[in-house]
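Got chain A; can you put chain B with the ligands on it based on the hints?
What follows is the residue order along each chain.
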Amino acid sequence: MSAHPIEDHGLLRFLTCGSVDDGKSTLIGRLLFDTKTILADTLNAIEKTSQKRGMGAVDLSLLTDGLQAEREQGITIDVAYRYFSTGTRKYIIADAPGHEQYTRNMVTAASTANLAIILIDARKGVLTQTRRHSKLASLVGIPHLVVAINKMDLVDYSQDTYEKIKADYLEFAAKVGIDDIRFLPMSALNGDMIVDRGDSLNWYEGPTLLEILEAAPAAHTEHTEKFRFPVQYVCRPQDSANPELHDYRGFMGRVESGSIKVGDKVTVLPNGLESTVKAVQIGGVDIGEAGTEQSVTLLLADEIDTSRGDMIVKSSEVPPAVKEIAATVCWLAETPLDRARTYLIRHTTRDSKAKLTAIDHRLDVNTLEKVPAEKLSMNDIAQVRFKLAQPLFVDAYEDNRATGAFIVIDESNNNTVGAGMIR
Amino acid sequence: MTQRSTLSHLDWLEAEAIHIMREVAGQCANPVLLFSGGKDSICMLRIAEKAFRPGKFPFPLMHIDTGHNYKEVVEFRDKRAAELGERLIVRSVEDSMARGTVVLKHEGESRNKHQSVTLLEAIEEFGFDCCIGGARRDEEKARAKERIMSFRDEFGQWDPKNQRPELWNLYNARSHKGENIRAFPISNWTEMDVWQYIEREGLELPSIYFAHTRPVVIRQGAIVPVNVPLVSGELTNLPKAGEEIIDKLVRFRTVGDISCTAPVESDADDVAKIVVETATTTITERGATRLDDQTSEASMEQRKKEGYF
Ligand SMILES: Nc1nc2c(ncn2[C@@H]2O[C@H](COP(=O)(O)OP(=O)(O)O)[C@@H](O)[C@H]2O)c(=O)[nH]1
Ligand SMILES: [Mg+2]
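Order-wise, the sequence lines are chains A and B. So that you can map any letter, position 203 of the first sequence is 203 in the numbering used here, and since no number is skipped, the others follow by simple counting. So that you can map any letter, position 209 of the second sequence is 209 in the numbering used here, and since no number is skipped, the others follow by simple counting.
Chain A with its partners taken away, still in its complex shape:
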């Protein structure tokens, strides 16, 4: 029994994005500080460093700027993960840097987030980078956007300024097709409208940032999704001492979407054989049914030869097998994509060799226009097509994040060089 028998609203993953100096690190520091996540010794260390650098006030951004190299440069160079909890909900923050060359970091941070906070400096309004980050967030399929208009203290907490930026943003959002947006004014530095309301923004009647976070749905989607169960590992104990386990054959994986229960009719891909679910277990214990994101073991009524890379789906919802995919790809590696080379595509637990057949267009992340392209370099985003050596069982990314996403691996050094979304 827990010492805190309070409601558990699960876990919410979000990311912060914005241009350099918009206040991302300060905002995260503020969230951690005001939710009492920062403990005294950490605060002492930050105070000391702030003084060493000749700063008057405590610089909360030092909390998130972790690595030696970036502390020296005073910038954030890679995605950092931070944690806090309100008692009812646990949060994982991905801090993605806003520099020009770091589109890949934002895509990385966004891939696991269900909400994005887009920061805008109230003095600067909607910038090219704001548009870029919003577009990226929508490409990666983040269902909820919060536009936080920061540094309100530097514009005398002016409601007019806030309303004007909000109108500008809405005009842009309508063009790009982003709909679920919340706006709020705040000062990360002073802590207004983050956890506490403060005294300076009384004209704003909406929720604080933390209230928005507390109320946001934790699940990625509220739609019913098809059951997708990529097999990670097959358990065959073959324990001769235990006759009960003699024929045990458990298919281990995570329910990527949908749900499953004993008695459901399922199809195992790629061989297409059908069976029914005999048991759903965790650690050998029957639980009867399982929902999205649960890691379980499935036992089937029939003996079907199944191994890692296969996928179990409901027989009424079998996805198509494809040998060519069209996808939005973000190139992550310093070495540009080489059209002559064969890459490895990892989709769910399945790998296939793949070759690029076409680049339909590249997205200019500044103008958001589609432009023709011959090659793909780091931080480029493009609509491309790949030819596959093995069939993959895919859904459109819009319909299913797990079976619509893939990574591209360069087998020469095993690096992850690309991220793809099937559409």
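Rather than coming from a laboratory, the hints here were simulated on the basis of the structure. Keep in mind it's a predicted model, so treat the numbers as computed, not measured. Treat the hints with care, as some may be off.
[Claimed, not checked] Stretch by stretch, here's where chain A covers chain B in the computed footprint (C-beta under 8 Å, at least three residues):
(1) 20-30
(2) 43-57
(3) 134-144
(4) 160-168
(5) 190-198
[As the list claims (entries may be wrong)] To give a feel for the contact side, a few chain B residues facing chain A, derived at Cβ under 7 Å:
(6) SER8
(7) HIS9
(8) ARG99
(9) VAL103
(10) PHE126
(11) ASN172
[As the list claims (entries may be wrong)] Subject to a maximum C-alpha distance of 30 Å in a straight line, what follows is the list of computed DSSO-like cross-link-like pairs (lysine-lysine):
(12) B:LYS161 with A:LYS353
(13) B:LYS56 with B:LYS79
(14) B:LYS161 with A:LYS265
C-beta atoms are modelled at their ideal positions from N, C-alpha and C, and glycine is treated no differently.
Only chain B with the ligands this time, still in chain A's reference frame:
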């Protein structure tokens, strides 16, 4: 639209950790799980049970023993491995010292950082391609950017600038011969999550995690345990001349090499009380209890580059 049930945060973290362990099992030919007998690795064993039972674990357990570990923890380590019926490999820093691959600056130097050498030797001896560890991103700044599958080169080195991007839950644990992956299934857990999980699962822990009276001295403001019995019965951490020994009611928040883990004052003698204390403490786990990390703000990062966990 249908009503979707949300997993509780512990269920979500557990499911993620199970998924990561199974990815290691599915992608790596010869992985190993590092088990020290400490609370994080105790959670990892429960996760491994949930991931792989009724089968055996698809990896052995391994402990890098500095020879300066708390007797209670070493005994617990052996007992737990035996209960689970899993193979436990122990490799010792003292053997590396005998081989001459670890040279202490002076007899009393902490052996904690030298574990890296012994670990790399063990990786080579067994040909492990992946080590599963219980490190958490909330422990320390340099860990906040650590990947869940972290790539190490042939020298076991971590290059923070050359890490594989990690997207969705598509983990890339591929490596060439001689290279190595470190996998961290509980990356996203905090100290609080660990204690709540221990409470929920009713996990047994070494006794020194709970309030007990032991002789200590106060050295530079820190509580330093003295006259600590090793497994051999020999006493270590003898007080320095002139130090006053006092009996204090303490518990450990983290256990490791005796020379660098300090207890905190506490009367929390069960897990529920520890959960409450963790919720109200004002000092971080490492700040309170690791005597080695405070020397330099960047010391963890430096050690990780050299092959430390
Ligand atoms: N006046 C004011 N300054 C802010 C506010 N938020 C951040 N800053 C300052 O803006 C600078 C950049 O902030 P930082 O958090 O490092 O931005 P990042 O690059 O987005 O992470 C720092 O000097 C902050 O103190 C705010 O709300 N008001
Ligand atoms: Mg920053």
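To see whether the hints hold, each was checked on the structure:
Judged by the Cβ-Cβ criterion of 8 Å, the stretch 20-30 of chain B is covered by chain A as claimed, because 4 of its residues qualify and three suffice. With a cut-off of 8 Å between beta carbons, the stretch 43-57 of chain B has 8 residues touching chain A; three or more are needed, and the interface restraint holds. A stretch counts as covered by a chain when three or more of its residues have a beta carbon under 8 Å from one of that chain; for the stretch 134-144 of chain B and chain A the count is 5, and the coverage holds. Counting residues of the stretch 160-168 of chain B whose CB lies closer than 8 Å to any CB of chain A gives 8, which reaches the minimum of 3, so the coverage claim holds.
With 4 residues having a beta carbon nearer than 8 Å to a beta carbon of chain A, the stretch 190-198 of chain B meets the requirement of three or more and the stated coverage holds. For the restraint placing B:SER8 at the interface with chain A, the shortest Cβ-Cβ distance is roughly 4 Å, inside the 7 Å limit, so the hint holds. Hint status for B:HIS9: holds, given a least beta-carbon distance of 4 Å to chain A, under 7 Å. The restraint placing B:ARG99 at the interface with chain A is violated, with a minimum CB-CB distance near 32 Å, outside the 7 Å limit.
Here the hint on B:VAL103 is broken, as its CB sits about 26 Å from the closest CB of chain A, past 7 Å. Checking B:PHE126 against chain A by beta carbon gives a least distance of about 21 Å; that is not within 7 Å, so the hint is violated. Given the 7 Å rule on beta carbons, the hint for B:ASN172 holds: about 5 Å separates it from the nearest Cβ of chain A. Our distance criterion of 30 Å between C-alpha atoms is met by B:LYS161 and A:LYS353, whose separation comes to about 27 Å.
Taking the CA atoms of B:LYS56 and B:LYS79, the gap is about 17 Å. The hint holds against a cut of 30 Å. Between B:LYS161 and A:LYS265, the direct Cα distance comes to roughly 47 Å. Violation of the 30 Å bound is thereby established for this hinted pair.
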